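Engineer: Each chain, written out:
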Amino acid sequence: MSAAVPIPVIQLLQVLTVAVAAPGLTGVIARVEARLQGRRGPRVLQPYYDLAKLARKESLAPVGASLFFLAAPPIAVAAYLTIPLLIPVLTTYGLPLGYMGDILGGGFLLSLASFVVATAALETGSPYAQLGSSRAKTFSAITEPVVLFVVFTVALLTGTDLPYALAATVRSSAGEVVRPAHLLASAALFLVILHETGRIPVETHTGTNEFGMIEEARSFEHSGPYLALLKWGGELKQFILFTILADVFLAPWGLAASQHLGNVLLAIVALLAKATAIGVVVAVIDNSFAKLRLFKITEYASAAFALAVLGVFTLYLGGG
Amino acid sequence: MGAPPGVYQGAADALAALMLMLEFGMLRQALVRDQVRLYAAQSALISVLAVVIAADRNLPDLYALAGLSAALKVVAVPLVLRRLLPGTRPWSGPSGALAGSGPGIGGTAAAEPAGVAGSYTLSPASAVLVSLVLAGFGFFTFGALHLDGPAAPALALAIAGAMVFVAFALMIVRGDVASQAIGFFSLENAISLAALVLAAEMPLILETAFLFDLLVAVVVFGMLMRAHHGRAESLSTADLTRLRG
Chain A
1 MSAAVPIPVI QLLQVLTVAV AAPGLTGVIA RVEARLQGRR GPRVLQPYYD LAKLARKESL
61 APVGASLFFL AAPPIAVAAY LTIPLLIPVL TTYGLPLGYM GDILGGGFLL SLASFVVATA
121 ALETGSPYAQ LGSSRAKTFS AITEPVVLFV VFTVALLTGT DLPYALAATV RSSAGEVVRP
181 AHLLASAALF LVILHETGRI PVETHTGTNE FGMIEEARSF EHSGPYLALL KWGGELKQFI
241 LFTILADVFL APWGLAASQH LGNVLLAIVA LLAKATAIGV VVAVIDNSFA KLRLFKITEY
301 ASAAFALAVL GVFTLYLGGG
Chain B
1 MGAPPGVYQG AADALAALML MLEFGMLRQA LVRDQVRLYA AQSALISVLA VVIAADRNLP
61 DLYALAGLSA ALKVVAVPLV LRRLLPGTRP WSGPSGALAG SGPGIGGTAA AEPAGVAGSY
121 TLSPASAVLV SLVLAGFGFF TFGALHLDGP AAPALALAIA GAMVFVAFAL MIVRGDVASQ
181 AIGFFSLENA ISLAALVLAA EMPLILETAF LFDLLVAVVV FGMLMRAHHG RAESLSTADL
241 TRLRG
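Protein chains in written order, with the numbering used here: chain A, 1 to 320; chain B, 1 to 245.
Treat the hints as calculated values from the structure; they're not laboratory data.
Among the clues, some could well be false.
As the list claims (entries may be wrong) - Distance windows between CB atoms, simulated:
#: 1; chain 1: B; residue 1: F137; chain 2: A; residue 2: A141; range: 52 to 60 Å
#: 2; chain 1: A; residue 1: Y316; chain 2: B; residue 2: D239; range: 42 to 50 Å
#: 3; chain 1: B; residue 1: A76; chain 2: A; residue 2: R43; range: 25 to 33 Å
#: 4; chain 1: A; residue 1: Y49; chain 2: B; residue 2: F137; range: 55 to 63 Å
#: 5; chain 1: B; residue 1: F137; chain 2: A; residue 2: F295; range: 22 to 30 Å
#: 6; chain 1: B; residue 1: F137; chain 2: A; residue 2: P145; range: 14 to 22 Å
#: 7; chain 1: A; residue 1: Q46; chain 2: B; residue 2: A76; range: 47 to 55 Å
#: 8; chain 1: A; residue 1: Y49; chain 2: B; residue 2: S123; range: 44 to 52 Å
#: 9; chain 1: A; residue 1: H260; chain 2: B; residue 2: M202; range: 39 to 47 Å
#: 10; chain 1: B; residue 1: G230; chain 2: A; residue 2: P145; range: 25 to 33 Å
#: 11; chain 1: A; residue 1: F108; chain 2: B; residue 2: A30; range: 50 to 58 Å
It should be emphasised that the depicted structure is a prediction, and the values quoted were computed from it without experimental measurement.
The beta-carbon is built from N, C-alpha and C at its ideal position, and this holds for glycine as well.
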């Protein structure tokens, strides 16, 4: 009874899964976080209500802001929605559009989205928005070397830089899972993701106080549907990063190996379960460590960098 | 970069890599009691590694060694270290600035001995980068030896080499006697790691002798720490630069 799903539909489903599930993941994390802090917490569906509310509101732009200010949120969301085409979200086999770009292509899209949002924030002339974008750009420059070394590790492990290839390599044997290079690179990537999603070490991801504000500050001047797009973009980014960690590095199991409807549905459920599991771990980590001072970020980045570099080192002696 | 190692080999290598990460953790950890905890964790890992190698190569002696090493390095050494560290018991030492303020809020929290926290001569991030370079040097020099044993331990041996250098870096960049002692003990862990991967068949009696050597070193270092603290009222080595006492 399992009908074959046409390839283009699967491709579309990859994007849709990410687009629809991303706010829900944020809701689950907020809920878990509240429970850890002894609060009851918002509904899991709250992010959807927030987005719907913002979409209905009026939008204003600061005096002097150009068209780019309004164009940035849609461009960012478009960039985020392109990434699920490039990475294994539901399938083990590469979909036709999956080879449009490699890991670097995905990285470029993430950077493009972050760049347009930062530039739009600069346009406003608001000090907080500018502070947020300057911090975001500075810190992403600090974590960039870590990402590069993670990509080197992937390239050395698989001989390619395709996310599908690494997922297949990890699945191929238990030896691939425990090899140090893989574990070190995964750990380094996890540290980067903790930083990029505004959990640790310096940022409060929901906070609106100006000391811990990086990502949140950038959308200060946006309002209405544009703010909704920016919020959704942040949720998409989080979901995509979790998907990369789960489906490429840590647990590329449960993906559909064929076009059968049952397999594809199972893959969706597995992805949601994996993303939720990572979200719970992230919430626990977020709530059990004190935030560092802003300029301690280099210490955190140096730890992640050490992991990534050692991952590459271990490969050079063979057997890593 | 070549085929993956087998599961046992990969697990052994990953454990060795984890030990190296803990060495880096000790390097950047500011508080001495957390350094002692990291040392205990590293020692626990080497016991686990001994069990893995014992299971892989069918060496029942190593199980005994793992148990002994765990009892000594995970339990006894950290315990002795904590007892011998001056000022770690609440308000036992001379009341410095530290005992009066921060750590004593709860009334029962152990006070951090004076002169340890933040005794870096380099900033933690620079210290990590410098030791990363040293680790790379150690890694590739030991790797270039091509000491491939029966179970091809080239990688774990190279990691042990990197650990030796990071342990030295720890002793160099931290200007307090407690961290330097811990650096020395973790150096012993690095050498045990090298011994374990290179000569797993070493007679048990020899390994045991090494372990008890370590215990002697711990007591001696503890005494030195106390003597230094008694003279300088601080664990910082900054006081040692004076030519006259």
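Engineer: All the hints need checking, so say for each whether the structure fits it.
Structural biologist: Structure-based check of each hint:
Hint check: F137(B) to A141(A), Cβ distance near 27 Å, so the stated range 52 to 60 Å is violated. Evaluation of the 42 to 50 Å hint for Y316(A) and D239(B) yields a pass: the beta carbon distance comes to about 43 Å. The supplied range of 25 to 33 Å is broken by A76(B) and R43(A), whose beta-carbon atoms lie about 52 Å from each other. For Y49(A) paired with F137(B), a C-beta distance near 57 Å keeps the hint of 55 to 63 Å intact.
Checked against the given bound of 22 to 30 Å, the beta carbons of F137(B) and F295(A), roughly 29 Å apart, stay inside it. For F137(B) and P145(A), the hinted distance range of 14 to 22 Å is satisfied, since their beta carbons lie about 19 Å from each other. At about 52 Å, the CB distance of Q46(A) to A76(B) agrees with the hint of 47 to 55 Å. Between Y49(A) and S123(B) the beta carbons are some 46 Å apart, a value that agrees with the proposed interval 44 to 52 Å.
Our hint of 39 to 47 Å for H260(A) and M202(B) is violated, since their Cβ atoms are close to 56 Å apart. The hinted window of 25 to 33 Å between G230(B) and P145(A) is violated, with their beta carbons roughly 46 Å apart. At about 38 Å, the beta-carbon gap between F108(A) and A30(B) misses the expected band of 50 to 58 Å.
When held up to the earlier numbered hints, the structure conflicts with 1, 3, 9, 10, 11 and fits the remainder.
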